[in-house]
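Undergrad: Below, each chain spelled out in residue letters.
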Amino acid sequence: MITIAHLYPYELALYGENGNIKALTYELEKQNIKYKVILIDKETNLELEKYDFIYIGSGREKYLEDVKKRLLPYKEELLNYIESDKILLATGNAISIFDFLDFYEIEYHENREVHDVDATTSLCSGNIKGFQNTNHLIKTTKNIIFNINEGIGNHNTKMEGFNYKNFYATSIIGPLLARNDKLNQYFVNLLTKN
Amino acid sequence: MKTLSIIIGKLTLFAGKILHRGSSLPGKLALKVDKRILSKLKYPQIKLMVTGSSGKGSTAKLISDVLTDQGYRICFNNAGSNLKYGVTTTCIKNCNLFGKIKKDVLILEVDERYTKEVFAEINPNYLIVTNLTKDQPPRQYHVDVILNEIEKKLPKDTTIITTVDEPFLRHFELDVPNKNIHFGIAKNKYSYHEELFENLNTYYCPKCGAKLKYDYYQFETLGKYKCPNCDFKWEEPFILGTKLDLEEGTIEVNNKKISIGGDMLFNAYNTLASFTFLKEIGIEEDKIIESINNHNHNKNIEFVKNNKRYKALNCKAENATTYNQCVYKVYLDKELKDVVIGWKEISRRYNHFDVSWLYDIEFELLNNDSLNKIYAVGIDKENIKKRLLLARIPEDKIITADSLSEIKKSVEESKSKIIYGILNFDYMEPFESTFKEDTL
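Read top to bottom, the protein sequences are chains D and W.
Residue numbers are given in our numbering: position 116 of the first sequence equals residue 116, and the series is strictly consecutive.
Count along the second sequence starting at 1, add 1000, and that's the number in our numbering.
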């Protein structure tokens, strides 16, 4: 049984983010793979060892700060989670929450970045379609996920996102997995392989 | 500068009249001559602004109609020009060369992002906020941004009129010192007890942050709520609408029946907002009701053709709440039905292609045995189809088409007796003309 944890959907729910969960579970159902989705709210303690996939999406600024404070005590556990090849996907401005893991720095853009996205990635074939609507971008240009044809990349480059092991952070919303079947399939394959 | 600004504005208005072209150009030119012209005009004693994510136009119009019936002379931007240029155009049009607006009441429908530009200069004594919901994400970002922009420039003596049913709007009591007047709707046959919608704006107490509990919901986060941790709770409003009857299109206030001008819940909220303001400024209740009932007719597109009932529900693209209201309406009808979803374009304001808002709409509610076929129509048919598939609606029930005429035959031959359109406003008229027209 695969366990998907959707972190703080009652706070981080800006842009139909659970479309990513809907896309993922739709594909799992098609492949007859058993799963459960756990919604983690702010009253729930994290049990990282029980999750195979953690998803976290965009939110209003006041909630981003709250969530970050809540996750800080889990720093070591989150790092262990990532080191053990489990999947963590952060989309939109949720990328700003995880700068405390020290993989990357975040850049705050006073003028909100609003862009249609067309990109390619080594994770799957074809072009990725999405949308950016954020003040937060990753500053670091190492370990990127996407090569941007249209849209904005880390530190105003054409390279977007961050990837280490199975930790994926991207400013692209979309919802990303719902709009991109091949990328969705990539994550399903990762999940089933694990 | 003031007089020159007014003259330029009026001359441009005159030229536009001769050329039969209405626009906000007069206001734009008047502001170019004197950028503080709005602060130099003499306004009527009663100054109302109406703003919100949706429903501001119809709310302002109803108030204007009722006050006109009562003999008041109204200055109202009823052409829908609700940005600063449009507001200025209306004021220039209604003032004399000395800048005096010779009317009894000023009613301005103002875009929620533009209240900050006109608050200080006009200093309204009343502000109706119809709602603040997810709306046009590329432009608006999110509700905190909008709330903050309204609150930041709001004059301290402006009285705010909102519904007590929406906890997020209670920020106007918690954040700013202004007087608040509330209206609300009592529990009724449409109220429900379990959360039906996901991805909403407010789950937590705006005062202490604990998760709100609901005795019942009216819709999304509207309802009777209370905080389990502090004293924040739904409170008896100044105006309480009772015995809501959407089939009849009525609600009662103090045991008197009022037409809500439609069969949707938002019609009731907008009508009560109007009623609350009118009562607050001293119009007699019976006169308000008589007048509302004269003007508030059901403007829905609904007709019967070849033994099938067609009903078009008007939504606003990029505003998931308006779609959710329509989805909920269809969900409540347990008869076998076909549903048509579509639009010409997502936004007239920009060219962005953001479909994230589709995932904030609870299409899952349509996934039941009473759904016969669902049509995804127009330029975004594949994105709509994808959303419907992820709502687990069986693929064999989903039909995609480029245009309404393409699905006409299939709809007409459907075994369903009721056909709903869940449509952006730009597909309302095409829906009516396509399905009303005789098939050759």
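Hints may be right or wrong, so weigh each one.
As the list claims (entries may be wrong) - Among the chain W residues that face chain D by a calculated CB cut under 10 Å, a handful are:
no. : residue
1   : PHE1098
2   : PRO1138
3   : VAL1143
4   : ASN1199
5   : TYR1203
6   : ALA1320
7   : ASN1351
8   : ASP1354
9   : ARG1387
10  : ARG1392
Everything labelled a hint here was simulated from the structure, so no lab data went into it.
Positions of the beta carbon are idealized from the N, C-alpha and C atoms, including for glycine.
Undergrad: Are the hints correct? Go through all of them and say.
TA: Comparing the hints with the structure gives:
1. PHE1098: Hint violated; W/PHE1098 Cβ to chain D Cβ min 42 Å, cut 10 Å.
2. PRO1138: holds, 5 Å
3. VAL1143: Where the cut-off is 10 Å and the nearest Cβ of chain D is about 8 Å from W/VAL1143, the hint holds.
4. ASN1199: With a closest approach of 5 Å, the W/ASN1199 hint holds.
5. TYR1203: holds, 4 Å
6. ALA1320: holds, 8 Å
7. ASN1351: Holds, because the Cβ-Cβ distance from W/ASN1351 to chain D comes to roughly 8 Å (cut-off 10 Å).
8. ASP1354: At about 5 Å, which falls below the 10 Å cut-off, the nearest Cβ of chain D leaves the hint on W/ASP1354 intact, so it holds.
9. ARG1387: holds, 8 Å
10. ARG1392: With Cβ-Cβ at 7 Å, under 10 Å, it holds.
In terms of the numbered hints stated before, the structure departs from hint 1 and from no other.
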